[in-house]
Amino acid sequence: MSQVNAQRGLSSRQETAPPTGRRQLSDMRIVQLFILPTIILLILMNIFPLIYSLFLSFTNYSVISSDPPVWVGLDNYTHILSDPDFWHNFATTGTYALLSVSLQTIVGFALAMLLRSKFAGSGIITTLVLVPMMLSPIVVAVFWRLIFNPSYGILNPILGFTDINTSPEWLGDPALALWAIVIVDVWQWSPFVMLLCLAGLSAIPEYLYEAAAIDRASVWFQFRRITLPQVMPLLLIAVLFRTIEAFKQFDLVQGLTFGGPGDATETVSVELYRLAFQGQFETGLSSALAYIVLVVIVAISNLYIRALNRLREG
Amino acid sequence: MANIELRGVEKKFGDVFAVKPLDLTIKDGEFIVLLGPSGCGKTTTLRMISGLEAVTVGQILLDGRDVTWLHPSERDIAFVFQFFALYSHMSARDNIAFPLQAAGMARHEVKERVAQVAALLRIDHILDRKPGALSGGDQQRVALARALVRRPAAFLMDEPLGALDAEFRETMRAEIKKLHLAQHATTVYVTHDQIEAMAMGDRIVIMSAAVVQQVGTPTEVYHNPANLFVARFIGSPGMNLVKAKVEPDGARLPGGGLAPISDRWRRALEGSGLEDGSVVLGFRPEAVQVHDGGALRAGVYADDLHGGYTMLHLELADGEIIHGRAARDAMNALGSAVRFDLDPDMMRFFNPETEMAILS
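Those protein sequences? They're chains A and B, same order as listed. Residue numbering for the first sequence follows this note's numbering, beginning at 1 and increasing consecutively. Residue numbering for the second sequence follows this note's numbering, beginning at 1 and increasing consecutively.
One-sided excerpt, in silico: chain A residues whose CB lies under 8 Å from chain B: (1) 208; (2) 210; (3) 230.
FYI, nobody ran anything at the bench for these hints, they're computed from the structure. Given the structure is predicted, the values throughout are model-derived calculations rather than measurements. C-beta: ideal position from N, C-alpha, C; glycine also.
Please model the entire structure based on the sequences and the hints provided.
Below, the structure written as structure tokens:
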């Protein structure tokens with residue numbers, strides 16, 4: 001009896017063994033099968049355009065001309081870096097990024113401090129504050145154009161300007177237009193900074209404040225020595241994201257001012273768009289400009305990441 | 001340095017008492033331990049003294065000054081937290097300097113005071129590290145240094161050794177005791193570990209179910225527990241407690257043995273108004289004297305060798321187990337019958353109804 005069982009056991013084991021053909025599909029093979037499609041897509045959509053545009057940036061190529069690309073060396077780069085118009089674009093972008101990111105940081109952090117303590121309705125208020133972040137930039141730009149409108153916009157009456165002749169023309173005045181974009185960007189993206197700060201704040205353990213109360217630290221001292229340093233890593237990440245976004249700012253400008261009036265709000269991205277897809281379709285030149293922007297963004301990001309690592313290692 | 005006085009202090013969370021009305025005077029320079037099982041209100045009491053928790057009713061006086069409604073920062077006390085509560089983003093040095101910097105002390109003075117206290121706790125070599133890179137013991141030393149550097153009127157410590165390994169705990173216990181003796185600062189120390197309490201406290205406040213059960217020196221609470229709770233809670237194992245009947249010749253143990261009672265206790269028991277003579281007899285394991293001529297009988301249920309002595313588990317005739325301390329080399333086979341006496345001076349009696357000790 002036991003012999004029969006033993007035999008049966010043996011044979012059933014043989015049956016459940018995988019067929020030799022399939023056994024060759026090793027773990028490594030499965031890993032490759034899963035990763036390969038992604039890698040192919042990445043190469044086609046990201047890596048190839050990246051390298052190809054690097055090549056194009058050294059040529060005089062235009063997508064609408066039938067001429068093949070002609071190698072012009074560093075001409076595109078020297079042209080961009082020696083043209084005051086481009087420097088003006090960079091200056092505009094820099095000013096815009098500085099204003100908008102610093103205001104967002106201040107407003108977002110302040111909002112987070114306000115919404116940090118739980119009170120009746122704080123949950124719903126937090127959700128409502130986050131709404132602007134969820135909107136498409138073009139939608140935001142369109143309705144802020146209505147809000148800014150000097151004839152029937154709601155902003156000027158709220159600010160106390162009732163006479164249409166003397167009230168500010170937010171999008172038409174070269175001195176105000178950049179500020180108008182900054183205001184909209186701050187309105188839309190302060191909630192993002194707030195969200196990250198809120199996460200950072202809620203991670204600060206309560207006992208640190210108890211210890212600080214025992215240690216006789218004033219409210220300001222607690223803020224400076226405990227709250228701020230504890231939130232700093234997350235705050236820096238928020239600032240990093242917002243800075244990168246600010247340097248790429250395109251859709252808000254396009255939706256609000258199209259870079260105008262004149263070239264008052266012409267950021268690098270808007271200029272890039274014009275070079276690449278309007279008029280002469282200067283693909284080579286615009287590729288060079290895009291590469292310059294990339295280098296600037298990578299450099300700035302590196303500064304932030306270094307600061308972040310310094311914070312972590314202390 | 002300061003004395004601390006609690007007058008009718010109580011704390012309610014909703015309708016539930018965390019601490020029932022409590023009166024306590026802590027003398028200047030005293031090391032007092034609040035001891036009790038978790039949830040007994042000892043930590044709440046400590047936090048009320050610190051000001052981290054508001055009292056519901058009552059008054060707290062520090063050196064005669066009413067501090068009941070003052071912010072923790074205005075009480076001149078230092079608090080050592082169970083989980084250290086160090087500022088994780090600062091070095092040990094900055095942690096220690098924090099209370100001095102918060103008070104706006106001059107830089108060179110801060111440096112001097114930090115160096116002093118670091119030398120005292122022997123943590124000079126770790127001052128530049130962050131708390132995350134320190135061992136539990138060193139973290140607690142830094143937390144102690146942060147408390148000491150202020151030279152506060154009183155130290156409040158909330159289970160400061162609870163988060164440490166057993167090995168560290170022993171070392172730190174001695175260090176804290178030594179610091180206390182050197183500083184002679186009033187210290188209120190919360191723990192649930194009765195061995196710690198016995199080892200460190202000048203006086204122990206035993207709490208259970210939001211009520212103070214007994215306040216006394218370690219010797220008092222060990223030898224003269226005020227009630228059955230304290231008798232069970234203090235000592236490991238706790239006091240042996242058996243139902244007994246007082247008879248003219250002595251106390252009749254369950255299962256028939258008769259233990260002689262001293263005259264002092266006989267008078268006390270007669271005056272205590274017990275109806276039928278039934279009491280709870282309490283005695284420490286060391287009151288058990290095992291010898292062949294003993295008047296009481298029991299069976300050996302188990303024996304544990306504790307290195308220096310043997311703890312016998314003795315089964316009385318009714319099945320009740322008592323603990324008795326015997327010599328290290330005493331050989332008692334399991335199940336064998338032994339005879340023993342009780343030291344009449346070490347017998348204690350409790351009222352079975354009220355659970356309170358009968359006083360001699």
